[in-house]
Each structure stands twice: as C-alpha cells, then as structure tokens.
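Protein sequences, first through last, are from chains A and B. No gaps in the numbering here: position 254 of the first sequence is 254 in this note's numbering, and each next residue is one more. No gaps in the numbering here: position 166 of the second sequence is 166 in this note's numbering, and each next residue is one more.
It should be emphasised that the hints constitute simulated quantities derived from the structure, not laboratory data. In this text, all values refer to a predicted model and were calculated from it rather than measured experimentally. There could be a bad hint or two in this list.
It does not matter which identical chain is used: a pair holds within one copy or between any two.
In silico DSBU-like cross-links for lysine-lysine, where the CA-CA straight-line distance does not exceed 30 Å [to be verified]:
id : residue 1 : residue 2
1  : Lys249    : Lys57
2  : Lys116    : Lys24
3  : Lys24     : Lys374
4  : Lys38     : Lys360
5  : Lys24     : Lys106
6  : Lys235    : Lys374
7  : Lys87     : Lys254
8  : Lys358    : Lys57
9  : Lys24     : Lys249
10 : Lys254    : Lys315
11 : Lys319    : Lys66
12 : Lys249    : Lys115
13 : Lys265    : Lys235
14 : Lys24     : Lys319
15 : Lys235    : Lys176
16 : Lys254    : Lys66
17 : Lys115    : Lys358
18 : Lys87     : Lys115
19 : Lys33     : Lys211
20 : Lys33     : Lys319
21 : Lys321    : Lys115
22 : Lys38     : Lys235
23 : Lys24     : Lys235
24 : Lys254    : Lys21
25 : Lys387    : Lys315
26 : Lys116    : Lys33
Protein chains: 2
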Amino acid sequence: MQVAVMGFGTVGSGVVELILKNKKSIEERCGQKSLDVKHILDIRDFSSHQLANLFTKDFNDILNDKDVEIVVETMGGLNPAFDFVSKCLEAGKSVVTSNKELVAAKGYELLELAKKNNVNFLFEASVGGGIPIIRPINQCLAANEFLEVAGILNGTTNFILTKMIDDGMDFDEALKIAQANGYAERDPSADILGHDAARKICILASLCFGKHVYPDEVQTEGITNIASQDVEYAKVWGGVIKLIGRAKKLSSGKISATVGPCLIKNGCQLASVSDVFNAILVRGDAVGDTVFYGRGAGKFPTASAVVADVIDCAKHTDKRKLIGWDDAENDYVINPFEQSSSLYIRAAVTDYNMVAEKVKALFNDVQILESDNKNEIAFVTPLMCEKDARTKIESLGLEIKNILRVLDY
Amino acid sequence: MQVAVMGFGTVGSGVVELILKNKKSIEERCGQKSLDVKHILDIRDFSSHQLANLFTKDFNDILNDKDVEIVVETMGGLNPAFDFVSKCLEAGKSVVTSNKELVAAKGYELLELAKKNNVNFLFEASVGGGIPIIRPINQCLAANEFLEVAGILNGTTNFILTKMIDDGMDFDEALKIAQANGYAERDPSADILGHDAARKICILASLCFGKHVYPDEVQTEGITNIASQDVEYAKVWGGVIKLIGRAKKLSSGKISATVGPCLIKNGCQLASVSDVFNAILVRGDAVGDTVFYGRGAGKFPTASAVVADVIDCAKHTDKRKLIGWDDAENDYVINPFEQSSSLYIRAAVTDYNMVAEKVKALFNDVQILESDNKNEIAFVTPLMCEKDARTKIESLGLEIKNILRVLDY
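Model the full structure from these sequences, guided by the hints.
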C-alpha cells in the first residue's frame, strides 16, 4: 500500500521516519504486505535529502497517482490544506491529518465529503498530540452519553503556568524561557491567547456531542492576565491555575464551550499535569470520569498518532470507519456567562478588613484566601453566575483584578 | 442484531441496563437498525424480573440460536466460562468478555479460535474496568514499539493504600473499611496478595509485547507486608507506596513481569491515583509515556467497556478486528531479581548511628530517610539488583523488614 505525505515539517518528517523505523510491525498491524511512502510534497528544496527521489513540489503528482490510497496532511493552516484534502477525498483517497485548524474550521464538511466518497478522514493527531483521544471517545466510550469533555490542551501555556507555579516566575519571564526552549513561537499569540486550545475543544466537543462547534463560538480567554499573585492565592486555596478547554452538555441539549484559566484542586488528575504535557478528561454517563495523559506535541508523539490513523485506513480499505458529526443549528452553543460556577475573584481594596466583612455578608459560604498583601482581597465564591458575581462586586465599588472559574474535578 | 449475555451479576446486569438506556445512540454507533438482548443466561431464578422472558438456565438456548451473533460473557472464573466461550466462537459467534481470569489463562487459545472461525474475541473490560486501554494499545499506539506497561490495576488494594497514606491507618484497619464499603470481598486474598493485578499485567504484557504471559510467570507480591512505617518513610522520601503491575521489554527480546508494592514520586501521574481508581502507563518508542485513568471496576464503568466491544463486533460483522498475540517460548519471562532498580529498604537496628555509617559506606549515593524511630533504619539505594542488595544487608547482620522497588516515572 502506498502513502503520500504533504508537508515535511516537524510532524511530516516524523511520520516518514516512524514508518521507516517500525516498518515491519506497522505492516503486520495493517494486515498489509507492505506500506511505503511514495511521495512527499513540500515547496522547499530537499534535493540533497536521503529520500530526495520521493519529494515533489507538485500536488498533482499525488492527486493523480492511483497507487496512493492514503494521504497524510501535515502542512498546517487552512490554505492550501483544505483544497488539497478536499481533492484527495474526492479522488477516493483516505486522508489523515494532524491539522487542528483544518478540522476545527472544516471538520463537518470534510467528514461529509469522506462519507460521500466512501473513504476515511481521520485526525487523531489534531488533539493532544500523541495521546489517544479521538478513537477512545469514538469507539471505546461509544456506549456512553457524554456529559463533559475538558482538558489541558496546549503545551506552551501549560509550560508557562508550570514555571509560574513551581518557580515563582511571572508571566513575561516564563514566556521568555518557553521561547528559549522552543516551546513557544516568536509570535506566541495563538497559544497564550487560547486560540490553539479553542480549536482543540471544538474538535472534542463536536465528536462528543455530535454537532460541529466552530472556534468563534468558544468563549476564549488566554493566560496573559494571570499574575503571580493569582498563582499564590491558588496555592493558599489548595490548588493550581491551569488553562482549561471545556465543553459541557446542558439539559437543554445545547452546550457551553470555553477556554480559560481555571483553578483546580491538587489531587485531581489534571492538577499534576506539568510542563508541555497535556491531559483530557472525558465524563460519560456510564464510565464516569476518565483521563488521558501524555505528550501533546512534538515530532514523534504526534507522528505516533498520525501513523496510527494511517494503519487504521490501511485496515479499512473496503469499509469506512464510522466517525462524524452533524452541522449545528445557530444557537447550539450558549453563553457560558449564564452558567453557574464557583468563582475565584481578586480585587483591589483600600480598607481590607471592611471589604472582607462586606464580602462575607454579600456571598454565602465565601472562602477568603489569606495573604500578607492587604491592598487586595481574593476569595472563592459558592456556585453562581459570573454576571451576578460582577454585579455584586461592583456594588461594593471594587476594582476586579481577575476573575477565574473554579472547577470541581 | 441480537446479543446474548451470560452471567447476570454486577457487570452482566449493567450491560443489559446500559444497552437499554442508551439504545438509540448505541444502535447509531453500531451502524445497525437494532441491537437487542435476546437471551440472558444465569443459573439463579429471575422469574419475577421485569426481563424474565429473556432468562434461560440452558446454555444451548444461546449456542443454538442462529440469530445471536454476539455473546457477552460476564460470568467470571474459568469454568464453565472457557467451555461456553470456546463453543460460541466455534459456532461462529463473536464473544465479548470482562473475565480477566479467562483472558490471562486462555487468551492465546481463544484468540486463535476466534481467528480460525473468523469472528471476534474482545476483552476491553478485562483490564482497568471502564478505562479505554486494550483498544488504545492495539490501535491508537500501533505505530509504536512498546518498551513498558505498568499501572495501578487493582482498586481494592489502591483503596487500602489510600487509607494508609491519607488517614494513617494500618493495613488491617484499612482492609476492614474496604470490606465494609464493599470494595474488598470477605476473602480478600485475590486482591491483597496481588493475583488480580497479576492477571491484568499478563493481558497488558501479552498485548504490548506480542507473546502470551501466564499468571504463574509473574513474580507477584501483595500489600500485606506494608506497614504504616513504610508509608511514612515514603512520605519522607517524597512519594507514595502503590501496588504496581509492570512488564518491561528487555534488550534481549525477553520481558520481565512483576506485581508488587513500589515507591513512586509525588507529581508522577500514578502517584495521585486515589481510592478505587486505576491508571495505566504505556511507554512507546515514539509517543513516550501516556497514562490512562478512570474507574477500574463497578457496574456501569465495566459495562461501558463491554458494550464498546459489543458495538465494535456489530460494526465488524464481515471483517475481524486484528487483535492477538503468539504463544511464547518457555524462558520468555525472566527473573526480575536480576534486573537492577533503585530499592527502598527498611531494617531493624540496635545501634542506629553505627549502622547508618556502614550503610553509607556500603552503598554509593544512598539516601537515608529520617525518622524519630532509631530502632530501625530506612534508606533508598542507587540502581542495583535486589539479590546484591540483600547480600550487602546480610553482610551487616541486619534483619530486613521490607524491601520495595523504587520506580522512576
């Protein structure tokens, strides 16, 4: 069986190397006599590469080659990935992608196109890097109705938060170290503003709840507003701040979908996820909570997920994998501000003791977090809507420095 | 499509209830118009049960019913499960089981029988209850060569150890609470002596490394020898004691397979697994470490895994799932005493200071664990073979109270 790889960057080169390295066992697991990479598409020059004869700059070399039954897309971005992937599916080739932007924006369309052409469109590597998560949700937990999916979906921000938690760094310092280590890009905005995590929660929510969720429907907040003080107050409370992508099914049948920094208790499986690792919690009506942990990025972890999909395509040449979701109605994703949650609030104060008394009177069962700094107050509220909390705080004339959700895992 | 369930205990009744509860979405995910339970086999009387008309005491009602394409075995034990399952496979029916004893003892034979008859034999629920683990290893991580698989595989012992760690209980007290909560049986020996975990590590090792490992080849030690002092010394060291089932591929191609209490560092994903939860770490050459966490037992979590397998069988009526392993040569599993590891050792002493000096002189880079009790000494050695460590300790004339492996996750 012949495979083509489009995009020879970190992940694409990892895919080619991994197929060569574990060729024999991969072929056995495919139930195929052979599995070979026939073409590699990249616009850059690889004429002195040891696999130089496989490289092409012309997409049509792949599209028109009838021997190529599986195409791997690891180019990233929407253009020309969407066009190339669509044409491959239409030509009757199965496609495997690691491109979260593509799946989050065009997943429904591409899955429909795959269905129409009786081929596979698989994307295990688009969420959680090497962590098995798409197939476990789609197959292993298929007996469940899903209630919630949530996780640490972005390694860059988790690395930065880990430096802030473990080493007491502030955000800017931690970001510089992440960049120096190659964990953050020179323009880190897609990571630190939460957009990368938002794409991934779209994919997870679409798969769990059966209707496509688009990135602009996800209320997204990054970690740039997290101060060292917030990290310290979280410790006083007995937990850590993590950037959590989260989608929840509501009793109305609609869902809420958010990305934002949250407080989670130590002892919870997500709290001990450090550095660039990712972890995803899936809550099903039968299974309860399951958590999947591992490397969320990197050459070989991501290639591991891509090649698993290639193997699955090779095993299912005559029969499509049943994976997909519907398009959603316009008001399917609701405003999470209206959902109640326990909240962490930090605000500037001039008279600490007076404000503390007022806060206690205003919120039932509020937990004030102790600190030596009496120029601000931090506390954790009982379950309430964020807009109600904001109204109450404003009635006290306080300036809110930060307000974060507290998760109950 | 018609299903039969053999054994209407906790898991079997959960399977029937779950199929009824989520019927519509399960049928959709099967790609089948209908999925119904036609027979339930149990020797007990269920004549007043609301599904009374489905019950039978005669296995032949299932075996001879051509409409039944999938049989669920949740009876447990080897007899008559092995005979019934064999006959179903020979009759061309796919079988799904939650029976770890059956898979650990007869997995190779039954997988061969399934292959011969072109049907499926699936067992996701036999390890880790509801946690997706068999399919992730077999499919999602199929591009990897596996280096190691290890985990907290028994909820009863993890509950007991959690009580000893968090509440300072001794073993006997914690066991009583586990029994009072229904987490431990009246005769708890299969759990506390490690036999249950041994069966599960056999299944995981067979799947990861491709050759059948039998329970009597696993060096198995339970938790009955763990004293409160060991738990306290582990805290001083910065970790916890967990019962870990573990199989490792060696450079010789052979494997080591053990079950025993081990020290693991806080911060590792396995350290924060509490109460009756399970977690399994899989180390692949491409993906690195992945961890799968969730409820390792219980009615609906286990039923979730069984029904996922039923769905997979229903989707693969015309094509077998590629799952299986070979029989192993006699000396495939080697003696782990010869494998080096860092070791925790606790021994009785009469002259603490003198012994501490001797221990420091005898072991390079040894870490002595401080305590007020000077009638014993506890320390963590560098990497070494257990038998060498024992020889050294005996040369000091010390009585070993406990010796445990220290894991490096």
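Here is how each hint holds up against the structure:
no.	hint	in the structure
1	Lys249 / Lys57	neither (45 Å within a copy, 42 Å between copies)
2	Lys116 / Lys24	between (33 Å within a copy, 24 Å between copies)
3	Lys24 / Lys374	neither (65 Å within a copy, 57 Å between copies)
4	Lys38 / Lys360	neither (68 Å within a copy, 60 Å between copies)
5	Lys24 / Lys106	between (34 Å within a copy, 27 Å between copies)
6	Lys235 / Lys374	within (17 Å within a copy, 35 Å between copies)
7	Lys87 / Lys254	neither (33 Å within a copy, 47 Å between copies)
8	Lys358 / Lys57	neither (68 Å within a copy, 69 Å between copies)
9	Lys24 / Lys249	between (43 Å within a copy, 18 Å between copies)
10	Lys254 / Lys315	between (36 Å within a copy, 29 Å between copies)
11	Lys319 / Lys66	both (18 Å within a copy, 25 Å between copies)
12	Lys249 / Lys115	within (26 Å within a copy, 41 Å between copies)
13	Lys265 / Lys235	both (9 Å within a copy, 20 Å between copies)
14	Lys24 / Lys319	both (24 Å within a copy, 22 Å between copies)
15	Lys235 / Lys176	within (24 Å within a copy, 35 Å between copies)
16	Lys254 / Lys66	neither (43 Å within a copy, 42 Å between copies)
17	Lys115 / Lys358	neither (60 Å within a copy, 72 Å between copies)
18	Lys87 / Lys115	within (14 Å within a copy, 38 Å between copies)
19	Lys33 / Lys211	between (38 Å within a copy, 21 Å between copies)
20	Lys33 / Lys319	both (19 Å within a copy, 18 Å between copies)
21	Lys321 / Lys115	both (9 Å within a copy, 21 Å between copies)
22	Lys38 / Lys235	neither (53 Å within a copy, 55 Å between copies)
23	Lys24 / Lys235	neither (50 Å within a copy, 45 Å between copies)
24	Lys254 / Lys21	between (46 Å within a copy, 21 Å between copies)
25	Lys387 / Lys315	neither (51 Å within a copy, 47 Å between copies)
26	Lys116 / Lys33	both (28 Å within a copy, 20 Å between copies)
Of the hints listed earlier, those the structure fails to meet are numbers 1, 3, 4, 7, 8, 16, 17, 22, 23, 25, in rising order.
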